[in-house]
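Peer 1: Using the sequences and the hints, build the whole thing.
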Amino acid sequence: MAADSTFEERLERVRLIATDLDGTLVNSHDEISERNVRALRAAMDRGYWVSFLTGRSMHGLDRVSSVIEANAPVVCSNGAQVASGDRAIVFSQRFIGEQTVRDLVAYLLSEGVDFVIRSDAGELISDNPHHPVLRGRRKSGEEDDDPYERTPHVSDPTDSRLGALDVVKVMVMLGGCPTDAVNRVESYCSKDDRLGFTKSADDLLEVAPAGTDKGTGLRKVCEVVGIDRDECLVFGDYDNDIPAFDVAGIGVCMRNGSEAAKAHADLVCPSNDEDGVGEYIERHLLRGVGR
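Using our numbering, the first residue of the sequence shown is number 1, and each one after it goes up by one.
What the hints contain is simulated information worked out from the structure, not anything from laboratory work.
By construction, the Cβ of each residue, glycine as well, lies at the ideal position given by its N, Cα and C atoms.
All the pointers check out, no bait thrown in.
DEER-style ranges, computed between Cβ atoms:
#1 A210 - D273: 27 to 37 Å
#2 P152 - T6: 50 to 60 Å
#3 P152 - S66: 18 to 28 Å
#4 V90 - R255: 26 to 36 Å
#5 R38 - E98: 42 to 52 Å
#6 D156 - E34: 44 to 54 Å
#7 S28 - E186: 19 to 29 Å
#8 G226 - E9: 19 to 29 Å
In the DSSO-like style, the derived pairs of lysine-lysine whose C-alpha atoms are separated by at most 27 Å in a straight line are:
#9 K262 - K199
#10 K262 - K220
#11 K199 - K220
Peer 2: Listed below in structure tokens is the structure:
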């Protein structure tokens, strides 16, 4: 992008709309509004590429795809996976090595910090029946099911099941942890050059393979589609979206977003509960500004 480009000129260059899901496209009721769906479909009809940039695994996009499917590759697991919109083709994928996972689990267990180990083949969680997040996790259509009881638990880093999964990320539950424990966990992850990490909520640390984030994922999407990164407009709401903001030509943060994310974005739009993504697309991309 030229240094003297006006914002309207930057909008005119946009060919791909990439949006985060939770806290951005998805509202606080875990729904994608009709307005957001309508705006994204209209954008695709106008010739825009649409991509999702999410911390969810590829399998975690199933419910979203039942509402709307991206026409460009999607970035999953905070950049560890890039796949076609229907996830039939995987363009890039990186895993946390088995020994790295075992070392991390051993450390988290020693600190008494809970976690979720995630792969497309399944999950393993720490053995704490009293943790409110682990106990309260639900999937649509399974409201009467207790997710803690049906998900395998891990209480030993030598557990053979840790070697049976291709781990794309480990979600570290920091809620309720003392500040010094949180600092130690972050320090551990920052010193292990096999790991990368980001926060997707105040109390959630997401650990991934080193060198992967939403920015690297977006670069791969651009490569596959055949566009320049400054032709991308990114919507996001939290710290894990910052690398994508830094790569894209335009970054738009939700009003409900973190202060750090807002600082890296070009502007702020209405919140995820105010159809901010749909409102921005309608106003700036579908009504004569932009294409």
